[in-house]
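Engineer: Below, each chain spelled out in residue letters.
Number of protein chains: 4
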Amino acid sequence: MKRLEEEKVFKDPVHKYIYVQDPLIWDLINTREFQRLRRIRQLGTSYLTFHGAEHSRFSHSLGVYEITRRIISQFERNGYTDWPAEERLVCLSAALLHDLGHGPFSHSIEPVMRMNHEQWSCRLILGDTEVNRVLREVSDDFPERVAAVIAKTYEPEIAVSLISSQLDADRMDYLLRDAYFTGVNYGTFDLDRILRLMRPHRGRIVIKSSGMHAVEDYLMSRYQMYIQVYFHPVTRSSEIVLQKIVRRAVQLMRDGYAFRFLLPPLPQWLQGTLTEAEYLRLDESFLQTAIAEWCGEPDPVLSDLCRRFLHRRLFQYVPLRPDEEPDWDKLRRLCREAGLDPAYYLEADTLYAVPYEAYRPGERNRRLPIFLLDQGGGLTEISECSAVVRSLCTAPIELKHLYYPADRIALA
Amino acid sequence: MKRLEEEKVFKDPVHKYIYVQDPLIWDLINTREFQRLRRIRQLGTSYLTFHGAEHSRFSHSLGVYEITRRIISQFERNGYTDWPAEERLVCLSAALLHDLGHGPFSHSIEPVMRMNHEQWSCRLILGDTEVNRVLREVSDDFPERVAAVIAKTYEPEIAVSLISSQLDADRMDYLLRDAYFTGVNYGTFDLDRILRLMRPHRGRIVIKSSGMHAVEDYLMSRYQMYIQVYFHPVTRSSEIVLQKIVRRAVQLMRDGYAFRFLLPPLPQWLQGTLTEAEYLRLDESFLQTAIAEWCGEPDPVLSDLCRRFLHRRLFQYVPLRPDEEPDWDKLRRLCREAGLDPAYYLEADTLYAVPYEAYRPGERNRRLPIFLLDQGGGLTEISECSAVVRSLCTAPIELKHLYYPADRIALA
Amino acid sequence: MKRLEEEKVFKDPVHKYIYVQDPLIWDLINTREFQRLRRIRQLGTSYLTFHGAEHSRFSHSLGVYEITRRIISQFERNGYTDWPAEERLVCLSAALLHDLGHGPFSHSIEPVMRMNHEQWSCRLILGDTEVNRVLREVSDDFPERVAAVIAKTYEPEIAVSLISSQLDADRMDYLLRDAYFTGVNYGTFDLDRILRLMRPHRGRIVIKSSGMHAVEDYLMSRYQMYIQVYFHPVTRSSEIVLQKIVRRAVQLMRDGYAFRFLLPPLPQWLQGTLTEAEYLRLDESFLQTAIAEWCGEPDPVLSDLCRRFLHRRLFQYVPLRPDEEPDWDKLRRLCREAGLDPAYYLEADTLYAVPYEAYRPGERNRRLPIFLLDQGGGLTEISECSAVVRSLCTAPIELKHLYYPADRIALA
Amino acid sequence: MKRLEEEKVFKDPVHKYIYVQDPLIWDLINTREFQRLRRIRQLGTSYLTFHGAEHSRFSHSLGVYEITRRIISQFERNGYTDWPAEERLVCLSAALLHDLGHGPFSHSIEPVMRMNHEQWSCRLILGDTEVNRVLREVSDDFPERVAAVIAKTYEPEIAVSLISSQLDADRMDYLLRDAYFTGVNYGTFDLDRILRLMRPHRGRIVIKSSGMHAVEDYLMSRYQMYIQVYFHPVTRSSEIVLQKIVRRAVQLMRDGYAFRFLLPPLPQWLQGTLTEAEYLRLDESFLQTAIAEWCGEPDPVLSDLCRRFLHRRLFQYVPLRPDEEPDWDKLRRLCREAGLDPAYYLEADTLYAVPYEAYRPGERNRRLPIFLLDQGGGLTEISECSAVVRSLCTAPIELKHLYYPADRIALA
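Residue numbers (my numbering), protein chains in the order written: chain A, 1 to 412; chain B, 1 to 412; chain C, 1 to 412; chain D, 1 to 412.
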């Protein structure tokens, strides 16, 4: 593939500049499907807690591409023989496109709608789209190859691990980016050092053992971001209100309710029959407009929940111990006395995360563990050397809260 | 007024934390009109040039409030007698609410629609709104007082100058904030030093003369931000496409065209008859949804322009000298040959700004000049001492470009 | 005490500005003893590893003062009744002066010379010094009170804990400052949040429990700084060379060796009989000059070690397991074969630190543990709630290295 | 030349990491002459005003090397034919060594001692030094070539202009570095953008015209750093005291005064007969020690001035207009009445700088102007396009102050 005559840059607050050298990458960025990612926020409803968190999947996708570009460029500059040089473009494309299938507030809504953004990414890459046409100019099987990297079925696996492992370009970008835009400074770590100490090694990406503490710091940042940002109970409250809205709308659709506002592709979405073209029409502007319109629906549950979301009148929360169950009988009674349906106004919610999953022999790991490469060429899984990392494996984050409308129900 | 029992904070990337101590401010932030500012971007279409620039008027409004709070707190701590202590709450409220009337992409659209966001801010403050109800709890005339500060008719004028002069909380916040979110570092200046050297002095806010160079640096940041960000030709191109969309829609409305998508308050907006309630329904999600829907309108001009905006297929630009006129006859001929209406596909656009306006005796100044206070109590207008500031007064920024669709018209 | 008519500021890279409001503090800063701290580096020989680490005890001392000032100012602003307001000046003075007794490269040299900088701080505060005269203007017993805070014998103990506990102004400043000047970014944590959540509570400084994760992050920063900076083996190598120099000079002094360069107070220092006036003469310029002069001493051990230090020809290191002993017989033989005295050219060095010490009932704790204050007023020691903190208590940092001159001895 | 097997890095707060790939550069850094630069501060006595400004010439020299390395690497990556690739090593060496000849507080003392650090740099490169031996391993004439670049006599001139022009690696590093360590944020500019837009063009380094505003911003940073930092009157006061000390010592030497402390190479230095070996012995530790010792000299002028410097009892200053002369008769009388010699206790000092010198035809320029390269290949000197830059050329910085000991003389 040829290089661009003059390299193009994007100004980026996290990486200073993002450099584009390949016409392929430039063309992918300019497709309408990739431009649509400007209308999907990176952190869903987190902007209701951290007002700076308005950044888009578009900026994150460019960031993942840029980190991947830097890693590969380092591998090439040093001529590491374990790096399959011919995988460069497929890796860069997959890095750029890995989030292509994200829908509006997808992390919040996916559990309700049983959609999966990675499947959608692949459908959009393989379907009748501008992205597909651009990729096919490389070769007929290039879209399939890019989709396989995203689906984690690609061989050689090293290409997958650049974008999707426990120390990958995706996670490194979103930690730095989410920290920057929320304004919390927990997400920072020494990206330059980690990139410099990455090595391709027998089909894996590993880290020189002198980088162990930099990786510890990265994992601790991840832990802190989970607790401070991703699992923030106010954000969670807004996600629950949003889920309830979607649940209610799906139910009303099933019941044949006559929506005042039901612009396509809302019916298809609520019925789970979206085509790719319809899916692309779904962005956060559209969903936010639907929510605003539904504030005027006659159905009292739908309209009330939508007003709560729009005007940020979220549910209140009280912490629960992991094994604690609230007094459901009393809660449901209070709810009904207030004229509210408990199915839409009460939720006991558990959030659970393991900031790092060590390798356990005999188990099939969901995520590739992080290996350290010592001078003799030996590999050690990081939690074997680091007590700090072990503490992250053995004490998962587990938060449980009860959410309810404090303006309608008094809990004590 | 009472203080909050425990002060509330917002995490903010620019000011680290924003502190709320007054129940009044807390209640204003929680009104639906103020929450709506989350759905209006601070920099309009600039996100199409700088992908980080997704930040909202909500975050900027909190920032202006915070800077105002710090200035007043410094005045109170030092017990400056020229500061009218009883104006604290009206200043804080006006700082918070000064942008309440901003509509979607208002800086781009206002010239076409003859709307004015400051007038709308006052209408919303004085009308039947939650904001008005919260303000009236202070006193019956409190909404009028806040509106007067925003309209710059308030007495004492010193309250106005905190929020609206050439060195005010509004400008200081947006320079820092826009620099942060775009990622350019030109907008930085020493906010702490300027705040520390501000003094209330005989009805004016002035700066101790030892702060002259810090003010120079602030004015140079302003100059750089105009050139690098606010007047960026790619952003301007997107604004022009947006203006053309609105112009076309207004024309079609007048012509009785049967829009496929014309949800209220679109008709009222295009006809210029919006009520406050209708105005509040206008946010950027709504307008972006309208543009997405209009991509499917039968009118070829409207649908083409909307697709250009949505998928970022903007107009190309060529620079012109300030006094240069393009060859209109040839351009219009080329345009028509391509089947395009020149009224919607050509624009010669001039941008003009004076980063700082010195005081000229005999003229009525639009903007209050910046005065330096020397140790003897004398005042000097800053451009009299600083050659750098003089260069900003005497050489205004003037940029002229021709915009046209390069995919349809070849200019040579 | 009166306040300064106009508050004074110091520009500081870590805290932006350091504010001085009390004439007492201003006068203390201007004493010759405090000015001497400009000639003592904060991080000793670390500049030989991290070239930015040239910052002085002077800047750190101002930083500790500033953090203490902010904490107290927050306590006063909120009117917390558990804060003894009359202790303000003694705390500020002790914060400023706590490192007054540091000598050149004191952390490296103290173990050899059996000096103790805290004892010297007290001697200088109580002796015939400018600092003592300034303090005595407050009251006759004021120097004793300040010294008692530094010696940790002061009552009420809350004054001590501000400056000397496991979450004190001293540690918070040096982590941020050392991170800034070395350029590593591990030392950052959310200072503003921790300060905001500090509370005086029944004679202790505690943290609101909502600040638990911010404290975790602070403790992890501390852990990372130990590993990456404070215990860096290159720095340690330079410290060992320096210790060997001092040991050799002490030995030569005892042996009646005729030094070519032995300016006072070198003899007194090497004999351990320094008066306060002599001690004040010791700064890093002086010691560095002595080392440069000693490069020309006839004693081959002293001159060689001094050249190694001056020209940064340090000892090489090889890591050892904590329980591993090198083959001393072989090493000493190799050393002697190279014509070197093993006592000055070999060292097996162990570094040990516990980033956080939890409270163990029945033990007398060296350091006050960190307590979290829940809403009901209950206190919990932080390691009881946090697995991450527990990992820091239970897995101390322990590093062992062998140091030797690789230019003279080949280890295989 | 071969590359290092594994590239070496230095952690640097300004550039994050400094990369060394050539054994030559690595060996030069490890010479004793280059290590000596650790003992020379970058900003002389500025640490007495900005306590963070303790950074050394060592760190600045590495920074200039790193910027030069990045520029050349960009030129090579893009294969610009106007770049003479064979000059890489000579440029990198000259960048690293350009300040090798700096003595203690050289900017302050040079005017008094008529020394010139650039001449000394060349003497040390060409003389009997480790640096010379390392350079000669490249080729016999390599030391001469490196010295010629530093002396600005090298051909091709483009090699000189990388390190020494009005937009060179030297200035770009020191602005960023001095801003970082003092903590002022005026010195920041977009280094990455300037480096990306630099082009070798017909024997010159020029900037693509799209970088004009980034260069404006760089020049404004330079202007602000002059005013806020380099010309700070407190720093200037310390420089004047230092100059008086040196003048007095030179005079006493001439007069045959019997110094109590006069360690070599002090006599040679005061008499201006230093050899290279003696020169290398001069560092700031040594001079600071001499000043501390001279506090005990019987000569009252020398000892008083030395105490003033050591304990920071500097001269007071009053601003003068550029054309204003103080009332010398009165001042000298007051001085003598206080028992002080006016030659050592009074100074009317003028500081003058032009932040940017435009090209004036017919004049021989001291500094190469900055040219912008337009798309057609034309060159324009930047002050022709930029009013802001013109204001910097036409309004030079000129500051005049009277310095005097306010503790002895009352000026009314």
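Some hints could be false.
Heads up, the list lumps identical chains together, so a pair's fine if it works in one copy or across two of them.
[As the list claims (entries may be wrong)] Keeping only pairs whose Cα atoms sit at most 30 Å apart, straight-line, the calculated BS3-like set for lysine-lysine is:
1. LYS330 to LYS2
2. LYS208 to LYS16
3. LYS330 to LYS152
4. LYS8 to LYS330
5. LYS152 to LYS208
6. LYS208 to LYS400
7. LYS400 to LYS2
These aren't lab readings, by the way, just hints derived from the structure by calculation.
Keep in mind the model is a prediction, meaning the values are calculated, not measured.
Engineer: Next step is simple, just say for each hint if it's right about the structure.
Structural biologist: Structure-based check of all given hints:
1. LYS330 to LYS2: neither (69 Å within a copy, 37 Å between copies)
2. LYS208 to LYS16: Answer is both; intra-copy 26 Å and inter-copy 19 Å each pass.
3. LYS330 to LYS152: Cα proximity of LYS330 and LYS152: none, with 47 Å in one copy and 54 Å across.
4. LYS8 to LYS330: neither (62 Å within a copy, 32 Å between copies)
5. LYS152 to LYS208: This pair counts as within: shortest intra-copy Cα distance 24 Å, inter-copy 43 Å.
6. LYS208 to LYS400: between (38 Å within a copy, 20 Å between copies)
7. LYS400 to LYS2: neither (53 Å within a copy, 35 Å between copies)
Checked against the numbered hints listed earlier, the structure breaks hints 1, 3, 4 and 7; every other hint is satisfied.
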